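Enquirer: Chains as they are written, first to last, in the numbering used here: chain Y, 337 to 448; chain H, 23 to 136.
By construction, these hints were calculated from the structure, which means they are not laboratory data. Treat the numbers as computed from the prediction; the structure is a model and nothing was measured. Cβ coordinates follow ideal geometry from the N, Cα and C atoms, glycine included. It is possible that part of the hints are untrue.
[Claimed, not checked] One-sided excerpt, in silico: chain Y residues whose CB lies under 7 Å from chain H:
{"no.": "1", "residue": "Pro345"}
{"no.": "2", "residue": "Tyr368"}
{"no.": "3", "residue": "Phe382"}
{"no.": "4", "residue": "Phe438"}
{"no.": "5", "residue": "Ser440"}
[As the list claims (entries may be wrong)] Calculated cross-link-like contacts (lysine to aspartate or glutamate; reagent style DMTMM-like; alpha-carbon spacing at most 25 Å):
{"no.": "6", "chain 1": "H", "residue 1": "Lys79", "chain 2": "H", "residue 2": "Glu124"}
{"no.": "7", "chain 1": "Y", "residue 1": "Lys378", "chain 2": "H", "residue 2": "Asp23"}
{"no.": "8", "chain 1": "Y", "residue 1": "Lys407", "chain 2": "H", "residue 2": "Glu124"}
{"no.": "9", "chain 1": "Y", "residue 1": "Lys392", "chain 2": "H", "residue 2": "Glu124"}
{"no.": "10", "chain 1": "Y", "residue 1": "Lys404", "chain 2": "H", "residue 2": "Glu124"}
{"no.": "11", "chain 1": "Y", "residue 1": "Lys404", "chain 2": "Y", "residue 2": "Asp385"}
{"no.": "12", "chain 1": "H", "residue 1": "Lys79", "chain 2": "Y", "residue 2": "Asp367"}
{"no.": "13", "chain 1": "Y", "residue 1": "Lys378", "chain 2": "H", "residue 2": "Glu124"}
{"no.": "14", "chain 1": "Y", "residue 1": "Lys392", "chain 2": "H", "residue 2": "Glu104"}
{"no.": "15", "chain 1": "Y", "residue 1": "Lys378", "chain 2": "H", "residue 2": "Asp51"}
{"no.": "16", "chain 1": "H", "residue 1": "Lys79", "chain 2": "H", "residue 2": "Glu97"}
{"no.": "17", "chain 1": "H", "residue 1": "Lys31", "chain 2": "Y", "residue 2": "Glu375"}
{"no.": "18", "chain 1": "H", "residue 1": "Lys79", "chain 2": "Y", "residue 2": "Glu351"}
{"no.": "19", "chain 1": "Y", "residue 1": "Lys378", "chain 2": "H", "residue 2": "Glu97"}
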Amino acid sequence: GESVGLHLPTLSVQEGDNSIINCAYSNSASDYFIWYKQESGKGPQFIIDIRSNMDKRQGQRVTVLLNKTVKHLSLQIAATQPGDSAVYFCAENGGSARQLTFGSGTQLTVLP
Amino acid sequence: DSGVTQTPKHLITATGQRVTLRCSPRSGDLSVYWYQQSLDQGLQFLIHYYNGEERAKGNILERFSAQQFPDLHSELNLSSLELGDSALYFCASSAAVGGGTEAFFGQGTRLTVV
Numbered sequence: 337g338e339s340v341g342l343h344l345p346t347l348s349v350q351e352g353d354n355s356i357i358n359c360a361y362s363n364s365a366s367d368y369f370i371w372y373k374q375e376s377g378k379g380p381q382f383i384i385d386i387r388s389n390m391d392k393r394q395g396q397r398v399t400v401l402l403n404k405t406v407k408h409l410s411l412q413i414a415a416t417q418p419g420d421s422a423v424y425f426c427a428e429n430g431g432s433a434r435q436l437t438f439g440s441g442t443q444l445t446v447l448p
Numbered sequence: 023d024s025g026v027t028q029t030p031k032h033l034i035t036a037t038g039q040r041v042t043l044r045c046s047p048r049s050g051d052l053s054v055y056w057y058q059q060s061l062d063q064g065l066q067f068l069i070h071y072y073n074g075e076e077r078a079k080g081n082i083l084e085r086f087s088a089q090q091f092p093d094l095h096s097e098l099n100l101s102s103l104e105l106g107d108s109a110l111y112f113c114a115s116s117a118a119v120g121g122g123t124e125a126f127f128g129q130g131t132r133l134t135v136v
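Just chain Y, with the same shape it has in the complex:
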């Protein structure tokens, strides 16, 4: 069935470096995508979203890029900080009733 997948399960970066987390999606009908951050023991927290009529959206220290041609989504975090250590999930509204479908997550670890 349709699914959202992540390229890498873990990512380690040095504090201060930029991080890039990638995500592939397969449902061409999806038109809304979200990145969530989940810290240990907490619920997913919204980071940034993007609609399919855009290919880039910027927030505070974060940028989401959408490439519809290859069905690829990425999250860029600038000047990564220790507080950014968490699991990051991408999600798309590709469910049968357009509910959010989540990828398996990438564990980001920020090294001192």
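Put chain H on the given structure of chain Y with help from the hints.
Expert: For chain H alone, kept in the frame of chain Y given last:
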């Protein structure tokens, strides 16, 4: 604070038992979603309610059921519990009927079946 409240935070119960998880959505949100997150797993969609009506079902077992009440809070009922049902159960709410807007998640209920 997302505005979504889930109770209880932790639940320990024995196999074969039945439990009820409760979710209060953000004020004004009509959609409630339930997700299951097992250890080291992603979020698996279980079921979606909008304004009291079931909208979509995901990978929800027949032993599980849910409902959304007139005051928009929702309950997820898990029965004949098995060890494999141990997981984090999240509720999320959104204003839209479909997935075209951000969904806000609660802090989850950690269910342990022993």
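Enquirer: Go through the numbered hints given earlier and state which of them the structure violates, listing their numbers in rising order.
Expert: 1, 14, 18
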